[in-house]
Amino acid sequence: MEWARLVRTRRWIGLLAPFILFGFTGPLVTRYQRELFRNLGGGIRVIVPPPSVGQAIDSYVKNVAQIGLLAVVAVAAWAVAIDARPEWAAFLRTRTNSVRRLLVPRCVVSAAAAGACFAAGLVCAWYETAVLIGRPPVGAMLAGACFGVVYLAFVVGVVTLWAGLTRSAVGVAALSLVTLVALPLLAVLPGVEPWLPSTLVGAVTSMTRGAPWTDYLRTAGVALASGVGLAWAGARLIERREL
Amino acid sequence: MSERWVVQTQGLVKTYGGVRALAGVSLRVEAGSVYGLVGPNGAGKTTLLAILAGLRRPTAGSVRTTVPRERVAVMPDTPRFEPWLTAFEVVDLARSLIAPEVPKSEVDLALERTGLADVAGRRVGGFSRGMLQRLGLASTIVSRPGLLLLDEPCAALDPAGRKEVLDLVTRLGRSGTVLFSSHILSDVQRVCDTVGVLREGRLLFEGPIDALLADRVRPAFLVRLRRPLDPVAAALRAQPWVRSAEMTGASELRVEVRSLEDGERELAGALARAGARVIAIEPEAADLETVFLEMTA
Chain A
23 MEWARLVRTR
33 RWIGLLAPFI
43 LFGFTGPLVT
53 RYQRELFRNL
63 GGGIRVIVPP
73 PSVGQAIDSY
83 VKNVAQIGLL
93 AVVAVAAWAV
103 AIDARPEWAA
113 FLRTRTNSVR
123 RLLVPRCVVS
133 AAAAGACFAA
143 GLVCAWYETA
153 VLIGRPPVGA
163 MLAGACFGVV
173 YLAFVVGVVT
183 LWAGLTRSAV
193 GVAALSLVTL
203 VALPLLAVLP
213 GVEPWLPSTL
223 VGAVTSMTRG
233 APWTDYLRTA
243 GVALASGVGL
253 AWAGARLIER
263 REL
Chain B
2 MSERWVVQTQ
12 GLVKTYGGVR
22 ALAGVSLRVE
32 AGSVYGLVGP
42 NGAGKTTLLA
52 ILAGLRRPTA
62 GSVRTTVPRE
72 RVAVMPDTPR
82 FEPWLTAFEV
92 VDLARSLIAP
102 EVPKSEVDLA
112 LERTGLADVA
122 GRRVGGFSRG
132 MLQRLGLAST
142 IVSRPGLLLL
152 DEPCAALDPA
162 GRKEVLDLVT
172 RLGRSGTVLF
182 SSHILSDVQR
192 VCDTVGVLRE
202 GRLLFEGPID
212 ALLADRVRPA
222 FLVRLRRPLD
232 PVAAALRAQP
242 WVRSAEMTGA
252 SELRVEVRSL
262 EDGERELAGA
272 LARAGARVIA
282 IEPEAADLET
292 VFLEMTA
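Top line first, the protein sequences correspond to chains A and B.
For the first sequence, the residue numbers in the numbering used here are 23 to 265.
For the second sequence, the residue numbers in the numbering used here are 2 to 298.
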């Protein structure tokens, strides 16, 4: 049913489109940014370093960390906000003793779809970069994709927690976005950054530049555990909420 | 006292902020009965059904039921479904969630019984309110519930649809127990054997409809006769056992008598002596609507 929700509502298009778009345009813009700046005119001289594999992948990641995240949050919010429409919520909640039974497939499918879209975009970015600039290391890309998927699972956990705290899907999406945008700000606190799930967003870029994948294992563990914990807490809150 | 009850509440109270929606409701629904919950808007019917369904918690009081929770089916007054699901998928989802052991063929049967067999493959996004109400009913009956809670099940249906649904409710009452709220009193009178009258969160009456009506029946007769009516009315008013004789229509008199027995014994003779050309005489029946209006006024 959750796959049907994605397919029949065409939400999969909205989810996939930004990842594919930035997968192609990120490396393309990186490759030709010197020419773009040269043609700006106006007597301004812009010094741009030669395009690199790391830059191209970073361009993809930075773009999807905004628009892609928005799409993931929206899709997940509309799936997990099961109390958004009381009549449908009454239908579902009087037919099962456990809200978790309703939420688990929604969370899993949302996270899986988001992860698949991120990976698909990364494949596009890899191909475009390989054609235009140079071949990114496959191992780093694979490991980076895995860390990205873990981060997106954490995102779905955040969305589910908000679904337990508020009913409307719009409210769930907005509050989740605020949380996810604010989360990286905690990195200014000394020693906090390696624990922040948002650090995983840049993992693929760092690894294409040579950082070892083991640097992100701890963060991935935290993201996975907190994502599951947040989703569980969200389910508990929904269960306890009256319709 | 018999233990054939399915639901029993004791002093049920529900408050929202400072507003008291239920103020100590104690009701008892017998197994195999069709229980009609009537009351004006804001009486607390929906809140009571939501508590019985487990969707809301009472502020005070208790609810006891002999039916396991998974065998309690609920239909809200305005059912809404995911618009991208087909009617078959909605009913099948209900079946798979609550009673996966029930064969899929029951889904077709439920759709057929609610008159939706022809649109089983259509997405519900384009359904009318009446069709959604039928679909809600189909998705509640597919799991063969032991207790069916229906909130205004006929509210959006045309007369033909209402008749079908009421017939279905009557049939369901034979195999399980049905509790339904309605403001269409004729529907309640038609299918319910027990009625609960709710006003401002209080249960004013609970019991068989016949008992409710019998308690409030007035000793009066409706007499249809040919004109002129005035001399007949005057002759009747002169009788010591007649309390009043009023024209209620162009050819109808309402004769209120001291007792039904007096009327049964004396009325026909008095009419004959007055030279009345009588078409019909019948005792005035108390209807639920009149009683309801009296009770909730």
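Hint data in this document are derived by calculation from the structure and do not stem from the laboratory.
These numbers come from a predicted model, not from an experiment.
Take the hints with a grain of salt, since some may be wrong.
[To be verified] Pair ranges (Cβ atoms, derived):
#1 127/A - 17/B: 39 to 47 Å
#2 70/B - 234/A: 30 to 38 Å
#3 145/B - 122/A: 52 to 60 Å
[As the list claims (entries may be wrong)] Residues on chain B that point at chain A, a partial pick, calculated with CB under 7 Å:
#4 14
#5 17
#6 54
#7 56
#8 72
#9 75
#10 77
#11 79
#12 95
#13 99
#14 100
#15 266
[Claimed, not checked] Every beta carbon over 10 Å from chain B, so not counted as near; a handful from chain A, in silico:
#16 23
#17 30
#18 108
#19 112
#20 123
#21 126
#22 193
#23 265
Every residue, glycine too, gets a C-beta built ideally from N, C-alpha and C.
A quick look at each hint next to the structure:
no.: 1; hint: 127/A - 17/B: 39 to 47 Å; verdict: violated, 33 Å
no.: 2; hint: 70/B - 234/A: 30 to 38 Å; verdict: violated, 53 Å
no.: 3; hint: 145/B - 122/A: 52 to 60 Å; verdict: violated, 25 Å
no.: 4; hint: 14; verdict: violated, 15 Å
no.: 5; hint: 17; verdict: violated, 10 Å
no.: 6; hint: 54; verdict: holds, 5 Å
no.: 7; hint: 56; verdict: holds, 4 Å
no.: 8; hint: 72; verdict: violated, 11 Å
no.: 9; hint: 75; verdict: holds, 4 Å
no.: 10; hint: 77; verdict: holds, 5 Å
no.: 11; hint: 79; verdict: holds, 6 Å
no.: 12; hint: 95; verdict: holds, 6 Å
no.: 13; hint: 99; verdict: holds, 4 Å
no.: 14; hint: 100; verdict: violated, 9 Å
no.: 15; hint: 266; verdict: violated, 56 Å
no.: 16; hint: 23; verdict: violated, 7 Å
no.: 17; hint: 30; verdict: violated, 4 Å
no.: 18; hint: 108; verdict: violated, 8 Å
no.: 19; hint: 112; verdict: violated, 5 Å
no.: 20; hint: 123; verdict: violated, 8 Å
no.: 21; hint: 126; verdict: holds, 13 Å
no.: 22; hint: 193; verdict: holds, 19 Å
no.: 23; hint: 265; verdict: violated, 4 Å
Taken one by one, the earlier hints fail for this structure at numbers 1, 2, 3, 4, 5, 8, 14, 15, 16, 17, 18, 19, 20 and 23, listed in ascending order.
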